[in-house]
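Chemist: Given next are the chains, with one letter for each unit.
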Amino acid sequence: MTSTIRNRVLSAAELERFGNEIDAVRARTVATLGQGDADYIRAVAASVRWIGLAGRLLLMVGAIAGALVPALLWPVCIAGTLLLALSKILENMELGHNVMHGQFDWTGDPQLNGQAYEWDIAGTSDNWRKTHNHHHHTWTNVRGMDDDIGYGLLRLFPEQRWKPFHLFQPVIAVVFAVLFEWGIAIQDLRLGRWFAGKLRFAQLREQFRPVGRKMGRQVLRDYVLWPLLAGPFFLPVLLGNVVANVLRNLWTYIVIFCGHFTADAETFPRESVRNESRGQWYLRQLRGSSNLTGGRLMNLMTGNLSHQIEHHFFPDIPANRYAAMAVEVREICARHGQHYNTGSMPVQFGQVVWRILRHAFPSKPRAASLALQASA
Amino acid sequence: MTARPRSARRLARGLVRRVADVMAPPQALAFWADRLVPGMDAGRARVLERRRASADAVTLVLQPGRGWGGCRPGRHVSIGAEIEGRRVRRSYSPTAIRADGRIEITVKRVAGGKLSAFLCDDVAVGAWLDIGPAFGEMTLPAQRDAPLLFLAAGSGITPLMSMTRALAERGMPVRLTLLVWARRRDELCFVDELRGFARDMPGFDVRFMLTGDTATEDDEGIGRIDAALLAKHVPDIETRRVLACGPNDFVDVARRLAASQALAFDSEAFTPPRIADDIDTSGSVQVTLAASQRVLTLPRSSSLLEALEAAGLAPAHGCRMGICNTCACGKRSGSTRHLHTGALEHEPVTALRLCVTRAASDLVLDL
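Protein chains in written order, with this note's numbering: chain A, 438 to 813; chain B, 336 to 702.
Honestly, I wouldn't trust all of these hints.
[To be verified] Some chain A residues close to chain B (C-beta under 8 Å, calculated; not the full set):
1. Gly471
2. Gln548
3. Asp557
Don't read these hints as lab results, they were simulated from the structure.
No residue lacks a Cβ here, since even glycine has one placed at the ideal position from N, Cα and C.
The following block holds chain B by itself, in its conformation from the complex (with noise of 0.2 Å):
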């Protein structure tokens, strides 16, 4: 019971949905609010417009169901797509946040990357995709003190691109500049628009930085990120926030030349996940249990029940032999190999089978 009077609107609409509730199953109220009113769900998301952003990017505008929590520059969601009957999802970070909620991603290929080809190449306008809540740390920074430094590289310019637009529509309020690699030219992607700010903005400015082109044009510079490269386009760095973002290598390098120089700094690093190969099984992995925030060494050459009844844990088990899903959990990344048909899993799923299964790198499990 709460203090606050409910107004008998709100009484009456919860005394519906407990209504419903009993009428029907909840996965029958899925399928029927599903048919009713398809945008209704906060999980999905709708693709408006597809356009192509560069030569093996393409960008996709989103118009998340309602209910669905936002996002803030700067942060990723997690975006899904079924592909041969299995939902595969990949964290993204939505290039633009439209003042309608609509959003937008920009997706690379990637070699062999099964969702990001699926988003390129077949998803049509139209169509429904999964996407999750809002996610990750590195936003703008709330002081306005201090002039900017973004420095992007590959897909690292997703996060900082929402950035620099949610910037730009406020007249670009602080001093920015952004440096952002890629190897060649064709690869880079908002450059118009890029472009387009610097011309018209007298606090922005924008190098692009090829590694495996010439530069003919002005805004163009060459070479891999090292300390002449900064002094040279960034001489004022002490007096800069600075934000990077890029493959882990590249973050780690911005870090060591940037930290300790710029006022503060501040990185978000990813790297493709890791596809472990393994058939050893000595060692151990770190397992995340991500429900109980522990993180636990585990031996790799037993079943993942095993290991963790042997750590004191207790998950909830049935026949250790994988056939009645009773220890079915959550695997949020990593890889794992399955103990009876040897085969290796990499995709996050939603049902891992602890008693069948053994860590191949480290986990995050959903206990």
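Chain A on its own, in the form it takes in the complex (with noise of 0.2 Å):
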């Protein structure tokens, strides 16, 4: 599978003009943000907390009454594991990631603020923050610089530099979707950095100490509390619990994968991001980020990262509002000839697997990096 792109190389003042058009998209969605958004994402922290709530539930009941009447035991277990592991999936993407970008800061409601909110998952949120909303959301697929490339593990792009280590990757790349929230957790460690001598142990000790603490107590919480709650009949629940987060760690990571590395999907190098202007950032942004169509239920489940290039564009905007904001700037896209990388799961997936099969080889760059700008 190869790239398919077809972008109109814009002018300088095409470009001008290109960035304030998003600029006015946010400009009026802004304006237009009260109290339907504040009721939006309070329905979605309420249903976090009452589908979480049946799933917990549901597993005791299976794992007591199941063991009383046997044919209640999987029916009854693997319901309230598919709902605990859909609570989970809601709090990480529709309600943990949103609120952490800040975008309902605006509310002034501390229950929904970004810098205070910490999530369901290993990693510790500020270690998220930096990471992702300062790191990956500032250098968006720029080399050497958005660690979400590959997470520092897997060769997803011909511009990254092959090495034998690669040939694993297929294998790899499936221990990390199945481990991903843990991954995520020590992506800030980077601890290729201590393997390579760069970062003294003392060091990593000291940011791991957080880190530690909130893996332990996320292993507290699902793997030991809660069955315990069941007593004897521990197993199921416990066993529900591991599933539940496997789940969720599947699920974000296609979603995640899906946004970034898809066949159309570029990455830039350093020089790119020299003296960008605003323009050139939106440009950037499009041409590294993909959507997924679907319908509202696509939106919800994937926290709106359906509409990943919207995200990209308006990262503290309320993310409810993305499908309606996405019309407007695929008009704009197409109007100013830039290519709109949107497709269905199945087939931007597939394009992940691809790439991930692909680069596990050496392979070369087509042609030279397309640039943002044409040159004066």
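Quick one: dock chain against chain with the hints and give me the complex.
Modeler: Structure, rendered in structure tokens:
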């Protein structure tokens, strides 16, 4: 599969107009933020809580009643596990991720404050705010600056240097998907730097302290305390929690990899962000991101990362607005001759899988990276 | 470890709290606590009763959640409500503080005021409002050695009213004269109650001073505060402790007239926040950093992040272009302008981004 990008190279004036038009979409949306958006995110938060409670109760009932009436064990425990996974997916994607971007800071509700929110995964919110909100969103798909390109583990673009280690990446990618939250948890520790001897162990230990605390808390919550509540019937509960967390990991992995590693997604050299204009910044976000088609359920389940392009344009605008903004963004891109990367989840993820397999082997970029702007 | 042995009950309660804390994230605990026992949250208060206080004011009786720290007469609390999805907060001085923990606030409709309009017109009995801990310095003098004089103008009556009520409850243990100013008669609050106090309690005297109406009752007067007026109504001012509350100008005049004569003078001034509508980016403003207790003079021309860095500070920051939210911090008061959109923001907000915001007026930041 090869890239099929058909982008017009924009002049400086066109690029400025492009940026201004995207800014105008933003301003129009900001002007209408109000009660509906606050009600929406609170409804999501309430769903997370109620579905999570239902899942945990069903697991408990399935484990205890299942010991007496074995026919109940599997169906009830599976239902509980699926509900718990659903609650965790919603909490990660539509609630935690979006709140931590500061999308609802304007409400002034302390429960929705981006700096204070702590989410329900192994990694700390503070580390995520740094690796994701800052590094990834500022330096989207810039090689050597955006650590999310392969997470320092996978080679997904021919521009990344090949090493024999990458031959194992089809297997590594699967393991990484299953353990995704743990990978994210240690992302900011940059173990690679320690292996390379660039980081002292004392420093690493210092940085690990809050992460370790959060990890311990998560293990205690899902794998010790909740199962213990079922007493002698703890095993199905433990298993249900493990499966729910893995399901959430797999789903978030798929969604996130579909966001930037599809066939048409581009990466950029460091030089491209030198003196980057606002228009260039938008263009880089556009060319580095890809959307997923689907209805409202897809939007909800992906935390609206089905609108990855809009999310990268407007990371701090409530995600429930992306679908409406996308209509205008798409039209602006079309008018400026810019490819708007979108497709169904199976197709997009198929392209990701192809990248993982193809670039496990040595590969070369087809052509020099496309310029974001016409040279003068 | 404390030296005192802990009771088994306290230990158990602590253990339950710690286990609950691990079993559910803090947001989840807050969510369930709110559903199980809505009255537990010390940061919220329920509206139990509402009644008209004057032509353009209502009185709300509030029941703060358990654990709310209480309030002494004369102090203020921050009251907030959600309006169009945004929490809007303003300070009010409770006009009554009851023994059962309930408080009353009297809200006058301010022209263009979001929260005052909401509280006057829309808030229903049973609704929940945000409430903050009490603050403020002007309270009843501890010494009961001298008679008191209260000078109130406009909304300045509110802290003085709760003090008057507190004294009335104790049978007016010290002589008190209250002079209260309003433009028109129908803008005065608590008139019947104050007249009742004056009738029943020999130590209490009240005068309603009108600046835009004629005086018809015996206890009414006309005119703004001046030396002659004070001399007429309070001939013994040199024996009194004076407490004044009202707009800045009123308190300034009161201080000039009374501070040197009276036994003691205490005051609290308020003025509706000056709404900056600057286009001008020249000059500088005073930025108070509340957490680190510093006051800086910063230029209005650059972003707050750049200005703070130029002043030698190192606030947390990331992208420096308003995307990553790393530099978000709370603003308690003042006006700011967004560098990209040009939008002016006057409300106290929980998260302003230093990198894309410049000061439009003096500010207080949570830094």
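Chemist: Measuring from the C-beta of A/Asp557 to each C-beta in chain B, is the shortest one below 8 Å?
Modeler: Cβ of A/Asp557 sits 5 Å from chain B, so the hint holds.
Chemist: Double-check A/Gly471 for me: the hint is only fine if its C-beta lies closer than 8 Å to a C-beta in chain B.
Modeler: Interface hint status for A/Gly471: holds (4 Å vs cutoff 8 Å).
Chemist: Would you check whether A/Gln548 satisfies its interface hint, that is, whether its CB is within less than 8 Å of any CB in chain B?
Modeler: With a closest approach of 6 Å, the A/Gln548 hint holds.
Violation of the numbered hints given earlier is absent; every hint is satisfied by the structure.
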